[in-house]
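Protein chains in written order, with our numbering: chain F, 1 to 137; chain V, 1001 to 1296.
Keep in mind that the hints were calculated from the coordinates and are not lab data. In this text, a Cβ means the ideal position worked out from N, Cα and C, and glycines have one as well. It is possible that part of the hints are untrue.
Which chain F residues face chain V? A few, computed with CB under 8 Å, are given here [what the hints assert, rightly or not]: (1) MET1; (2) LEU6; (3) ASN13; (4) LEU60.
Chain V stretches covered by chain F per the calculated footprint, using a threshold of three residues with CB under 8 Å from any CB of chain F [as the list claims (entries may be wrong)]: (5) 1139-1148; (6) 1168-1180; (7) 1183-1190.
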Amino acid sequence: MTQRPLELILARNLMSALSTPAFLVDEGGILAFYNEAAGMMLGKRFEELGTVGAEEWGSLFGPFDESGAPIPYDELPLVTAVRSGRPAHAEYVIHSSDGASHAVEVSAFPILTAHGSQGGIAIFWPAGTNGDGARPA
Amino acid sequence: MKVKLWGTRGSIPSPGPETIRYGGNTSCVGVTLSDGSLLALDAGSGIRSLGLALGPEPTRLHILLTHLHLDHILGLAFFAPAFRPQTEIVIWGPASPDASLRDRIARYISAPLSPVEVRELPCDVSFRHAPDSEWEIGPARIRAASVSHRGPTLGYRIDDGDSSLTYIPDHEPGLGADLDRLEDDWISGFSLAQDTSMLIHDGQYTDAEYPDHLGWGHSSLRDALAFARRTEAERTVLFHHDPLHSDEFLDRFGAEARERWAEQGGDPAAIELGVERAEYELPARAAKPVVKAATV
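Excised from the complex, chain F in its bound form (with noise of 0.2 Å):
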């Protein structure tokens, strides 16, 4: 078993506690939590989905760009940013697991561990963004 991350344990744990819709991804791009919040938004409860890499979630629940279509995960401008260790903040389409879309807001900031390597990713969705953006799928 590999340990996690204290960083990503405490961020988990901060998350855990938050009303505002709240993603962890660890230093390999997996999808490794997410919180109620979040849940209640795309429909579905991370005790339902688990842990899911990048290329699942993309299907699942998106960004989509214009045309509806996946936006890969390594070539979404904030995943660049971030893993470049800068803060970034985007707006995307994403699809509810009831096929609705909603436009997010998304803001993500990089965690470094205390010896100074990528731990992962926190990302939130800020809240107001929760249904504000709804529109037919």
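Guided by the hints, dock chain V onto chain F, whose structure is given.
Chain V alone, transformed into the frame defined by chain F:
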């Protein structure tokens, strides 16, 4: 591997008639490896007695600091071997973006808090940040990992032959989390303690006290027991006793711990409260550690 508890108290030395059996000295555990190499886990006030017990002979010693809160380093300036030129001391501790380990310790061992400066210590002392990967001291493999506490804090695991000791004296793994609902890899300190021969772990608060100390970096009895059960430690020593907990209080606390451990299906003899000067010899795994002496 031989283990001796030189200080079991948390927060502040608490000497007095009400703490005479469990002890009033703060965190320090002496470890003698199978080749005779000496380790001290933390340098609370208990390390003063460890230093006196070593006698005047030339000594080479590794001190493994979990973190730099005062109750874990305050004995350094009173550690007799540090004042002998024939002593060699290697001090390991957590890295910090703030300053080097030496500079952070020097904040304490310097004026006006101390009459001596680090540079004035006559011994041969060096400071090393605990690496992210396993390293060796004598015959032992040492592993350090960050654990949930306030500020940069490590837990340690020492594997010597078939026996292992895990030391996490300041730990709040249940902060914002229900340990019973988390996967193993999401539990702070889990890999350090998994299947260890002996776990020395924070057990500062009762369940009733914990809500008033949430986020202070220490465990409730519930979380300490859950951590020990999840990691399947063979034997658990609850440590870092609250300075307000008298011997009589700790007697009751220990009885409750054993009772609850038994209710969870554990062997009540496998859980105990740390007692100053208690000694253990850790044999190969699968045999129970032998308690050589305890004063309670």
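Item to check | Hint status (Cβ of LEU60/F to nearest Cβ of chain V, threshold 8 Å) | outcome: violated, 21 Å
Next on the checklist: Holds or violated: the hint that LEU6/F contacts chain V, with Cβ atoms closer than 8 Å.
Outcome noted: holds, 4 Å
Checklist entry - With 8 Å as the cut and Cβ atoms as the points, is MET1/F at the interface with chain V? => result Holds - the Cβ of MET1/F comes within 8 Å of chain V, reaching about 5 Å at its closest.
Checklist entry - Do three or more residues of the stretch 1183-1190 of chain V come closer than 8 Å to chain F, measuring C-beta to C-beta? => result holds (count 6)
Item to check | Check of the stretch 1139-1148 of chain V against chain F for coverage (Cβ-Cβ below 8 Å, three residues minimum) | outcome: holds (count 4)
Checklist entry - At a Cβ distance under 8 Å, does chain F reach at least three residues of the stretch 1168-1180 of chain V? => result Result for this restraint: holds, n = 3.
Checklist entry - If you take the shortest Cβ to Cβ gap from ASN13/F to chain V, is it below 8 Å? => result holds, 3 Å
Hint compliance for this structure: hint 4 alone is broken.
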